[in-house]
Amino acid sequence: MRRLPVIAVVVALTACNHDPPPMPTHAFTAPGVSMALDPPSAPNCKPDTTYRATLNWTVESDLPKTDVRIGSPTGPLFARSNDEKAHEQTGDWVKPGTWFVLLDRGGHTVLGALQAGPQPCP
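Going by our numbering, the sequence shown opens with residue 1, and the numbers climb by one from there.
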């Protein structure tokens, strides 16, 4: 009889242990989602320059609860929103190659990914 509660706890803990979503390999957005970085790259076209930018995102949903993480779906939390449209300004740390990953907070689903990148330089 004592085994039943122990088994129930083990099953419950196993169910809570889900693998993190995979890291996107290219920029994308799910249907009904948009993301934009302004400016999208360093204004001087130098690859080692860090700069300040504003990330804007929209999630068409009745109950949008989103997180934006840096670098990967499990990276540092950058922003959190409960609104359909949101934005957040970075510090002077964005550089070419920086990933912004938009997640559905409830299901930990990747809704979009955007990479700061070099623009065509003159």
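Possibly wrong hints are sitting among the right ones.
[As the list claims (entries may be wrong)] With a cut-off of at most 30 Å between alpha-carbon atoms, the simulated DSS-like pairs for lysine-lysine come out as follows: (1) Lys95 to Lys65; (2) Lys95 to Lys46; (3) Lys85 to Lys95; (4) Lys46 to Lys65.
[Unchecked claim] Ranges between beta-carbon positions, derived for each pair: (5) Pro76 to Pro39: 17 to 27 Å; (6) Glu88 to Pro118: 32 to 42 Å; (7) Asn44 to Gly107: 32 to 42 Å; (8) Lys46 to Glu84: 16 to 26 Å; (9) Leu63 to Pro118: 34 to 44 Å; (10) Asn44 to Thr109: 35 to 45 Å.
Hints were generated in silico from the structure; no laboratory data involved.
Small disclaimer: the values here were computed from a predicted structure and weren't measured.
For every residue, glycine included, the Cβ atom is placed at its ideal position computed from N, Cα and C.
Going through the hints against the structure:
1. Lys95 to Lys65: 27 Å, holds
2. Lys95 to Lys46: 9 Å, holds
3. Lys85 to Lys95: OK: Lys85 and Lys95 at ~24 Å, within 30 Å.
4. Lys46 to Lys65: Since the Cα atoms of Lys46 and Lys65 sit roughly 35 Å apart, the hinted pair is violated (cutoff 30 Å).
5. Pro76 to Pro39: 17 to 27 Å: 22 Å, holds
6. Glu88 to Pro118: 32 to 42 Å: Taking Cβ atoms as reference, Glu88 and Pro118 lie about 22 Å apart, which means the hint is violated.
7. Asn44 to Gly107: 32 to 42 Å: 40 Å, holds
8. Lys46 to Glu84: 16 to 26 Å: Taking Cβ atoms as reference, Lys46 and Glu84 lie about 36 Å apart, which means the hint is violated.
9. Leu63 to Pro118: 34 to 44 Å: 37 Å, holds
10. Asn44 to Thr109: 35 to 45 Å: 36 Å, holds
Taken one by one, the earlier hints fail for this structure at numbers 4, 6 and 8, listed in ascending order.
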